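Undergrad: So you can see what is in the structure, the chains are spelled out below.
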Amino acid sequence: MTPSCRLEPAYIAGGRGKLFSLHCAPEARNDRAECVIVAPSFAEEMNRCRYMQTMLAQQLVGHGIALLSVDPFGTGDSQGEFVEADWQQWIRDIITAADYAGQLGYRSVTLLGIRLGALLAAAAAPEVKNLQRLVFWQPVSNGKIALNQFLRIKIAAAIGRDEDGGTTAQFEEQLNRGNSIQVAGYDVSPALFRGVQAAHFDQYLSPVTAPISWFTVLASEERSTPRADLKTIEQWRSEGKQIEHLTSIGPAFWQAHERTLAPNLVNETISHLTGAPQHE
Amino acid sequence: MNEHAVVFPCEEDALLGIVHAPDQAGTTGVVIIVAGGPQYRVGAHRQFVVLGRELARQGIPVLRFDHRGTGDSNGSFRGFLDMDADIRSAIDTLFKQCGNLKRVMLWGECESASAAAFYAYRDPRVAGIFMVNPWIRTEAGQAKTYLKHYYWNRLRDPRFWQKIRAGQFSLMRSLKAWLQLLRHIAKSNGDSKKISDAEELTSLPLPERLTRSLQRFPGKTYILTSGNDYIAQEFKDFTYSSAIWKSSGLQEKIFFNDMADADHTFSRTVWRTELFEQTAQWLKNHLTDQPDQKSPNTNNNH
Numbered sequence: 000m001t002p003s004c005r006l007e008p009a010y011i012a013g014g015r016g017k018l019f020s021l022h023c024a025p026e027a028r029n030d031r032a033e034c035v036i037v038a039p040s041f042a043e044e045m046n047r048c049r050y051m052q053t054m055l056a057q058q059l060v061g062h063g064i065a066l067l068s069v070d071p072f073g074t075g076d077s078q079g080e081f082v083e084a085d086w087q088q089w090i091r092d093i094i095t096a097a098d099y100a101g102q103l104g105y106r107s108v109t110l111l112g113i114r115l116g117a118l119l120a121a122a123a124a125p126e127v128k129n130l131q132r133l134v135f136w137q138p139v140s141n142g143k144i145a146l147n148q149f150l151r152i153k154i155a156a157a158i159g160r161d162e163d164g165g166t167t168a169q170f171e172e173q174l175n176r177g178n179s180i181q182v183a184g185y186d187v188s189p190a191l192f193r194g195v196q197a198a199h200f201d202q203y204l205s206p207v208t209a210p211i212s213w214f215t216v217l218a219s220e221e222r223s224t225p226r227a228d229l230k231t232i233e234q235w236r237s238e239g240k241q242i243e244h245l246t247s248i249g250p251a252f253w254q255a256h257e258r259t260l261a262p263n264l265v266n267e268t269i270s271h272l273t274g275a276p277q278h279e
Numbered sequence: 000m001n002e003h004a005v006v007f008p009c010e011e012d013a014l015l016g017i018v019h020a021p022d023q024a025g026t027t028g029v030v031i032i033v034a035g036g037p038q039y040r041v042g043a044h045r046q047f048v049v050l051g052r053e054l055a056r057q058g059i060p061v062l063r064f065d066h067r068g069t070g071d072s073n074g075s076f077r078g079f080l081d082m083d084a085d086i087r088s089a090i091d092t093l094f095k096q097c098g099n100l101k102r103v104m105l106w107g108e109c110e111s112a113s114a115a116a117f118y119a120y121r122d123p124r125v126a127g128i129f130m131v132n133p134w135i136r137t138e139a140g141q142a143k144t145y146l147k148h149y150y151w152n153r154l155r156d157p158r159f160w161q162k163i164r165a166g167q168f169s170l171m172r173s174l175k176a177w178l179q180l181l182r183h184i185a186k187s188n189g190d191s192k193k194i195s196d197a198e199e200l201t202s203l204p205l206p207e208r209l210t211r212s213l214q215r216f217p218g219k220t221y222i223l224t225s226g227n228d229y230i231a232q233e234f235k236d237f238t239y240s241s242a243i244w245k246s247s248g249l250q251e252k253i254f255f256n257d258m259a260d261a262d263h264t265f266s267r268t269v270w271r272t273e274l275f276e277q278t279a280q281w282l283k284n285h286l287t288d289q290p291d292q293k294s295p296n297t298n299n300n301h
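Top line first, the protein sequences correspond to chains A and B. Going by numbering that gives the first Met the number 0, 163 is the number at position 164 of the first sequence; the sequence numbering is gapless. Going by numbering that gives the first Met the number 0, 7 is the number at position 8 of the second sequence; the sequence numbering is gapless.
Next up, chain A with everything else stripped away, as it sits in the complex (with noise of 0.2 Å):
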């Protein structure tokens, strides 16, 4: 049988309008009931990585840990046009998420930053109350460099469709006018935009006391971590913040068209969050 877990969805306030959360209640709760809080990919990866977090909230609460997920403003089920979303208020969102876990009575949190969702969590850190870690699947440490994989997608339909897709150049014109482009059916607005730009480990890590366990999803056994990654945990660390490395084989369930799972890294994620109580 497949894990199940008591689903708990409701709409919460946002500052922009009203959130969808769904909070995976375990069973039984105490007093240090710990709570993983989910900040969520970007775009179409926020879709393939949803599952995963259901497989995660499925053995969670066998162990006594809730898992809450809010969508931020704009995305998923909340409130909102993708168009009107924008960088500052999905941090916020974060928080609010935070917030209504300490509502639900949990006294412990953890933050769950799923690909650019490791720039949300990192940024919402310093406000989050009784925050224990933060745990991160396949970061992007730098937002500049998601987006531009994103715009690539726009260049490579128009590529397939003999259109004139446009440069890099063109769309920072067009966003600089106002106005918003349209990637893979959403809707990027100029504040989206320059927020994700800006978004960068480097403007968000320095206040982050919390220690942080950074899961890398490798191909296979051969393959190793990029190269940035390693230079930036290593950065990291000689400025004193706690980094656990840790590598899961898999596949990168975040860009596949197809229904792709990684068990593995669910699995050694709660083996991580359960069973290893000392920190290196």
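A couple of the hints might just be wrong.
Computed cross-link-like contacts, EDC-like style, restricted to lysine to aspartate or glutamate with a CA-CA straight-line distance of at most 20 Å [said to hold, decoys possible]: (1) B/Lys252 x B/Asp228; (2) B/Lys245 x B/Glu233; (3) A/Lys17 x B/Asp22; (4) B/Lys101 x B/Asp91; (5) A/Lys153 x B/Asp260; (6) A/Lys17 x B/Glu53; (7) A/Lys153 x B/Asp228; (8) A/Lys17 x A/Glu7.
Please keep in mind that the hints were generated in silico from the structure rather than gathered at the bench. In this text the structure is predicted, and so the values were computed from the model without any measurement.
Once you've looked at the hints, dock chain B against the given chain A.
TA: Frame of chain A; chain B shown alone:
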């Protein structure tokens, strides 16, 4: 207009759905079915959220939901070939949520368009199907693939046998379906015209299963295809060339439309807007309280 979440049962599992309830709700509702890929109830680039809100704004109640093993729902993943129980539970839920509902239209794209057709003829509450780029991809070995990836894995799963021992008879039904499938494969190119029982349509290759299912459906069907999409192309090729389709009478019975410029997911505002307008318009023109509804078997007028 009210939008709220519902948790509802499907067999032993809890599913999550969102109901878009208009203030002045009409008597025809829409159940949006999600394809079996990486999507969940919000849809690719969130288009089911936008569609749900738009239909509700026009007075049409909508339910979008995650079938088992997808999105936020519990249960194990079965895919679009085995979605009947999920769709039935969703329709039950929309009827419970909207007191004055009389009928539903199923809305599906790609795999879920086919899933809607496989289900619709067995539920009299379904008055229409809106199919977008139906998925019929198959090779002669499709049934074998299904056997290999689904039933064979199940047979090797000890939990399957535990369930059998525990007397959970839904699995016995599943076993029966599997035996039928084996028989079908053994027959290889057996004469499909002999297939009469509803259960046995499940053993047919996808294009034929879709054809037979739609033939049995007494309600109305709209098939919308995108001009710029391989999946839609495969479906169109089938309707142009297949003897099964040509002799089915469906070409005259179904309302077809092709949006020449659009891609598979209608990823530009202009295509998306057109898609939503066609959905709402067709429902209002053909699936609401009108005189011709009294004889659901006459489908000649679109």
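Undergrad: For each hint, tell me whether it holds in the structure or not.
TA: Do the hints match the structure? See the list:
For the suggested pair B/Lys252 and B/Asp228, the alpha carbons sit about 24 Å apart, so the restraint of at most 20 Å is broken. For a cut-off of 20 Å, the pair hint linking B/Lys245 to B/Glu233 stands: about 16 Å separates their Cα positions. Between A/Lys17 and B/Asp22, the direct Cα distance comes to roughly 19 Å. Compliance with the 20 Å bound is thereby established for this hinted pair. The straight-line distance between the Cα atoms of B/Lys101 and B/Asp91 is roughly 12 Å, inside the 20 Å bound, and the hint therefore holds.
As the CA atoms of A/Lys153 and B/Asp260 are separated by approximately 16 Å, the hinted pair is consistent with the 20 Å bound. Among the hinted pairs, A/Lys17 with B/Glu53 is consistent with the structure: their alpha-carbon atoms are about 18 Å apart, no more than 20 Å. Taking the CA atoms of A/Lys153 and B/Asp228, the gap is near 16 Å; set against the 20 Å cutoff, the hint holds. A distance of roughly 16 Å separates the Cα atoms of A/Lys17 and A/Glu7; the hinted pair therefore holds under the 20 Å criterion.
Comparing the model with each numbered hint stated earlier shows that hint 1 is the single one that does not hold.
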